[in-house]
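Participant: Sequence:
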Amino acid sequence: MLEDSKTNLHSKPKLRHPTQSKLCHHTRGRSNCLEDIVDASKSIDFANPFEALTFSRTQSTNILEALTFSEKAKLESRNYISYMTGDGRFEVENLWKRDVVDLNNQTCTCKVWDLIGIPCGHGVATIYKMRGIPEDYVHLVYRTSTFMNAYTTTIGPVPSEENWPTSNHTKILPPHYKTAPGRPKKARKRATDEP
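full-length UniProt numbering numbers the first residue of the sequence shown as 1 and each following residue consecutively.
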């Protein structure tokens, strides 16, 4: 068994010709980017497009990465004391500051919950006070169901550029480039730590 693993480790990798690589010599211009995306999506098996997307949680990978912020908020929530004031609003305070959390609207006066859609430390302290789970108060953008609904449709076939319909609108030109007065610099700008 050990001998087999040694032979696999020291075997030479298979070399491919550069033209067989997908990343080799991208000669097409930027205007054909949509066609490249469509060509790449044609290689996906659409018999079961979500076969590879198996999620065991209700949040997608975006929220799983963003929950590192939530974990910090959970640790931070130990420093807060929350008092219920009515109508789903709470007053959350620590030694230095006082904030207001509204669980019905999922907002906080520190504006962190409003900006990213993930409960801040004040919100987590309030959710724990109500015996709730902070992951249930995350914005719907981060849910797996939203991700699945966004990608249920497929990209239709796109004809080549010669078959595109002509437009009657004016052609958009690039902005006019104005050269600065003076002699152009030929030497590069050195970094601050370079001599």
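Treat the hints as calculated values from the structure; they're not laboratory data.
Among the hints, erroneous ones may be present.
Quick list of the computed label-pair ranges, beta carbon to beta carbon [to be verified]: (1) H139 <-> M84: 22 to 30 angstroms; (2) D114 <-> D193: 22 to 30 angstroms; (3) P159 <-> E194: 51 to 59 angstroms; (4) V100 <-> P184: 50 to 58 angstroms; (5) K111 <-> G182: 40 to 48 angstroms; (6) S160 <-> K189: 55 to 63 angstroms; (7) L173 <-> G117: 34 to 42 angstroms.
The calculated lysine to any residue pairs, modelled on SDA-like cross-linking and capped at a C-alpha distance of 20 angstroms, are [stated by the list, open to error]: (8) K129 <-> P175; (9) K72 <-> W164; (10) K111 <-> I81; (11) K111 <-> Y151; (12) K72 <-> G117; (13) K97 <-> G132; (14) K129 <-> T107; (15) K129 <-> T85; (16) K129 <-> L75; (17) K129 <-> G88; (18) K129 <-> T144; (19) K111 <-> M148; (20) K129 <-> S160.
C-beta: ideal position from N, C-alpha, C; glycine also.
Participant: Compare the structure with each hint and give your call.
Facilitator: Right, here's what the structure says about each hint:
In this structure, H139 and M84 meet the distance hint of 22 to 30 angstroms, their C-beta atoms being roughly 23 angstroms apart. Between D114 and D193 the beta carbons are some 40 angstroms apart, a value that contradicts the proposed interval 22 to 30 angstroms. Taken as a hint, the range 51 to 59 angstroms holds for the pair P159 and E194, whose Cβ atoms sit roughly 52 angstroms apart. Here the CB-CB span from V100 to P184 is close to 57 angstroms, well matched to the stated 50 to 58 angstroms.
Separated by about 45 angstroms at the C-beta atoms, K111 and G182 satisfy the suggested range of 40 to 48 angstroms. Between S160 and K189, the C-beta spacing of about 43 angstroms breaks the proposed range 55 to 63 angstroms. At about 40 angstroms, the CB distance of L173 to G117 agrees with the hint of 34 to 42 angstroms. Taking the CA atoms of K129 and P175, the gap is about 57 angstroms. The hint is violated against a cut of 20 angstroms.
With a C-alpha separation of about 52 angstroms, the suggested pair K72 and W164 falls outside the 20 angstroms cut-off, and the hint is violated. Of the supplied pair hints, the one linking K111 and I81 holds, its CA atoms being roughly 18 angstroms apart against a limit of 20 angstroms. Between the alpha carbons of K111 and Y151 the distance comes to roughly 30 angstroms, so the proposed pair goes past 20 angstroms and is violated. Restraint check: the Cα-Cα separation between K72 and G117 comes to about 15 angstroms, which is no more than 20 angstroms; the hinted pair holds.
Between the alpha carbons of K97 and G132 the distance comes to roughly 24 angstroms, so the proposed pair goes past 20 angstroms and is violated. Distance hint between K129 and T107 is fulfilled; the C-alpha atoms sit about 16 angstroms from each other, no more than 20 angstroms. Distance hint between K129 and T85 is fulfilled; the C-alpha atoms sit about 13 angstroms from each other, no more than 20 angstroms. For the hint pairing K129 with L75, the CA-to-CA distance comes to about 14 angstroms; that is within 20 angstroms, so the pair holds.
Taking the CA atoms of K129 and G88, the gap is near 12 angstroms; set against the 20 angstroms cutoff, the hint holds. Among the hinted pairs, K129 with T144 is inconsistent with the structure: their alpha-carbon atoms are about 27 angstroms apart, more than 20 angstroms. Our distance criterion of 20 angstroms between C-alpha atoms is broken by K111 and M148, whose separation comes to about 29 angstroms. Distance hint between K129 and S160 is unfulfilled; the C-alpha atoms sit about 60 angstroms from each other, more than 20 angstroms.
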